[in-house]
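Trainee: Using the sequences and the hints given, assemble the complete structure.
Chains as they are written, first to last, in our numbering: chain A, 1 to 118; chain B, 119 to 600.
Since the hints were derived computationally from the structure, they do not count as laboratory data. Check each hint, because a few of them may be wrong.
[As the list claims (entries may be wrong)] Cβ pair distances, simulated, as ranges:
| # | chain 1 | residue 1 | chain 2 | residue 2 | range |
| --- | --- | --- | --- | --- | --- |
| 1 | B | I314 | A | I10 | 55 to 61 Å |
| 2 | B | L389 | A | E50 | 43 to 49 Å |
| 3 | B | A291 | A | E109 | 27 to 33 Å |
Only a predicted model underlies this, so the values are computations on that prediction, with no experimental measurement involved. Ideal Cβ positions, reconstructed from N, Cα and C, are used throughout, including at glycine.
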Amino acid sequence: MLGQYLPILIFILLGIVMGVLPILGGWILGPKKPNKEKLAAYECGFPAFEDARLPFDVRYYLVAILFIIFDLETAFFVPWAVVLNDIGWFGFWAMMIFLGLLVIGFIYEWKKGALEWE
Amino acid sequence: MYLSTFFANATPALPEIALLSMTCIVLLADLFFSRLCPRIPYYLTQLALLGVICLSLCALNKPQTSAFFGMFMADPLSSLLNVFICLTSLFSFLYARSFLEETKMPLGEYYTLGLFSVLGMMLMVSSQNFLPLFLGLELQSLPLYAMIALRRSSGIASEAAMKYFIMGSLASAMLLYGISLLYGVTHSLSISEAAIIFSQGTATHNTVFACALVFIIAGIAFKFGAAPFHAWAPDVYQGAPSIVTLFLGSAPKIAMLGFTFKFLVQAMPTLQTQWQLFFIILAVLSMALGNIVAVVQTNFKRMLAYSSISHMGYMLLGLISGTQAGYAAATFYIIAYAFMTLAGFAMIALLSKAGVEAESIKDFQGLNYKHPWLAFLVMVVMFSMAGVPPTIGFFAKLSVLQALVQVDLVWLAALALIFSVIGAYYYIAVIKTMYFDQPEKSTPFPTLPLDATIAISVNGLLLLILGLFPSGLIELCNKVFL
Chain A
1 MLGQYLPILI
11 FILLGIVMGV
21 LPILGGWILG
31 PKKPNKEKLA
41 AYECGFPAFE
51 DARLPFDVRY
61 YLVAILFIIF
71 DLETAFFVPW
81 AVVLNDIGWF
91 GFWAMMIFLG
101 LLVIGFIYEW
111 KKGALEWE
Chain B
119 MYLSTFFANA
129 TPALPEIALL
139 SMTCIVLLAD
149 LFFSRLCPRI
159 PYYLTQLALL
169 GVICLSLCAL
179 NKPQTSAFFG
189 MFMADPLSSL
199 LNVFICLTSL
209 FSFLYARSFL
219 EETKMPLGEY
229 YTLGLFSVLG
239 MMLMVSSQNF
249 LPLFLGLELQ
259 SLPLYAMIAL
269 RRSSGIASEA
279 AMKYFIMGSL
289 ASAMLLYGIS
299 LLYGVTHSLS
309 ISEAAIIFSQ
319 GTATHNTVFA
329 CALVFIIAGI
339 AFKFGAAPFH
349 AWAPDVYQGA
359 PSIVTLFLGS
369 APKIAMLGFT
379 FKFLVQAMPT
389 LQTQWQLFFI
399 ILAVLSMALG
409 NIVAVVQTNF
419 KRMLAYSSIS
429 HMGYMLLGLI
439 SGTQAGYAAA
449 TFYIIAYAFM
459 TLAGFAMIAL
469 LSKAGVEAES
479 IKDFQGLNYK
489 HPWLAFLVMV
499 VMFSMAGVPP
509 TIGFFAKLSV
519 LQALVQVDLV
529 WLAALALIFS
539 VIGAYYYIAV
549 IKTMYFDQPE
559 KSTPFPTLPL
569 DATIAISVNG
579 LLLLILGLFP
589 SGLIELCNKV
599 FL
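Mentor: Printed below as a string of structure tokens:
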């Protein structure tokens, strides 16, 4: 009865081993030259500990907004690709038109210099 | 080959497709050729609108045809509204050009955003499903928020944009909630299917439907700027640059009427008694508040904002009557209103000096001594708004009141007349300021751009000519409802 769960136990153990092994390997084999930046908590582009209400560079928002459009595009593409056989050429061209509109938007943001960080 | 069959399915949506393509071309042309010819987005925009007007005129006599699996439907009403949406936008964009160049606002962005907004309006009048309808509404609103904030140096414009954005989002949220409740009642998002379900009469006697109706009507009233959902209108109209105000005060209202027809007339034709009362309250409050508060305004833009609130009240009277004649009268009213508003705000933009708008009524003092022709045009606009014959405003008011009397709502018609008399006071006060007051001091008169001067003359005379010969437009409005 309990034997049925043996594969799952093996799976869990294998998962733990697969996760722990690279970390252990890196810890044993890797060179250790710590400095202050390396030991600090990871934070994207900011000092890790300071007031939460600090003025934000507006370019973060710009990049975030531009990113989310293409992120959503991907979210759109995956289900479309899965059912492409069923929706046929109508679905194909509908998506191509959508893609074309996005490309025009992309050309606009590129040409306007929204992608340059200076 | 496959692409051609794709487009063969989409022929009823040809005006919309053409406009979308042209909008993309305008965007790209602004990017790549604006160095060579800074006005190229402007020329292409006007060309696009002219093209769409022609396409919609061609579709005016065709029977209704649907496309995109019943999501989209072109019928005579949507074609008629499309024609006037594009025509009023064409005038707005024409008035805007010189002001944009003078104040160095981004020209390409103004026109691209404007065209996207027009596309949204066209979807609002021709979608046959609640979801595309809502998408059209959002596509219409979102560019407008950005257009108001286009003049970044102006604090009051940013404030107006913020207010409009928050209130507009609130209205959209209410509408969407109403739509979701409606979906709960009918189990369908299609307007045609909803109409069938409502006509069976089983789905409508419950609280959920009542809630849906309340939310939808509140959302619609918000977007119209009808009292008691009007609070955003005066601040937004005043804060936005006049060239944006004249756009957002005219064409979107026409589209909003088409949107309302979709919801109330096409989806729930048998439930007129249920929504009538809401609209009576909205109309009476709008007429009262708009006309009475406008009396004390000293800012011309604010006064016109209150005047637009009252006009929305009058327009709703046509809907209240619930007859074909009433709907035609509401359509006629909204078209007349759009042209009057356009001319009123265009005058403010035209008389602006070095980017400072002539928005105080005092700026019009003694206009007759400086520029008698412009003064005459303002007088026509004011008389038309007040509903004095022989202007188009008179016939607009006459037809909605006629529709009311036909369904025995005489008390409402009488009330509308009383408020109309109150309204006449502040319109005539402007005329008095122009003709009987001396100009304050000899300030230099701004040089008027030729194209905008011709446009405002055509626009003003149109109010007069359509008032002298209104039968053509009235027949057209009647025909699309038969």
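Trainee: Each of the hints needs a verdict: does it hold here or not?
Mentor: Hints, verified against the model:
1. B:I314 <-> A:I10: 55 to 61 Å: holds, 59 Å
2. B:L389 <-> A:E50: 43 to 49 Å: 59 Å Cβ-Cβ, so the 43 to 49 Å window is violated.
3. B:A291 <-> A:E109: 27 to 33 Å: holds, 28 Å
Going through the hint list in order, the structure does not satisfy hint 2, though it satisfies all others.
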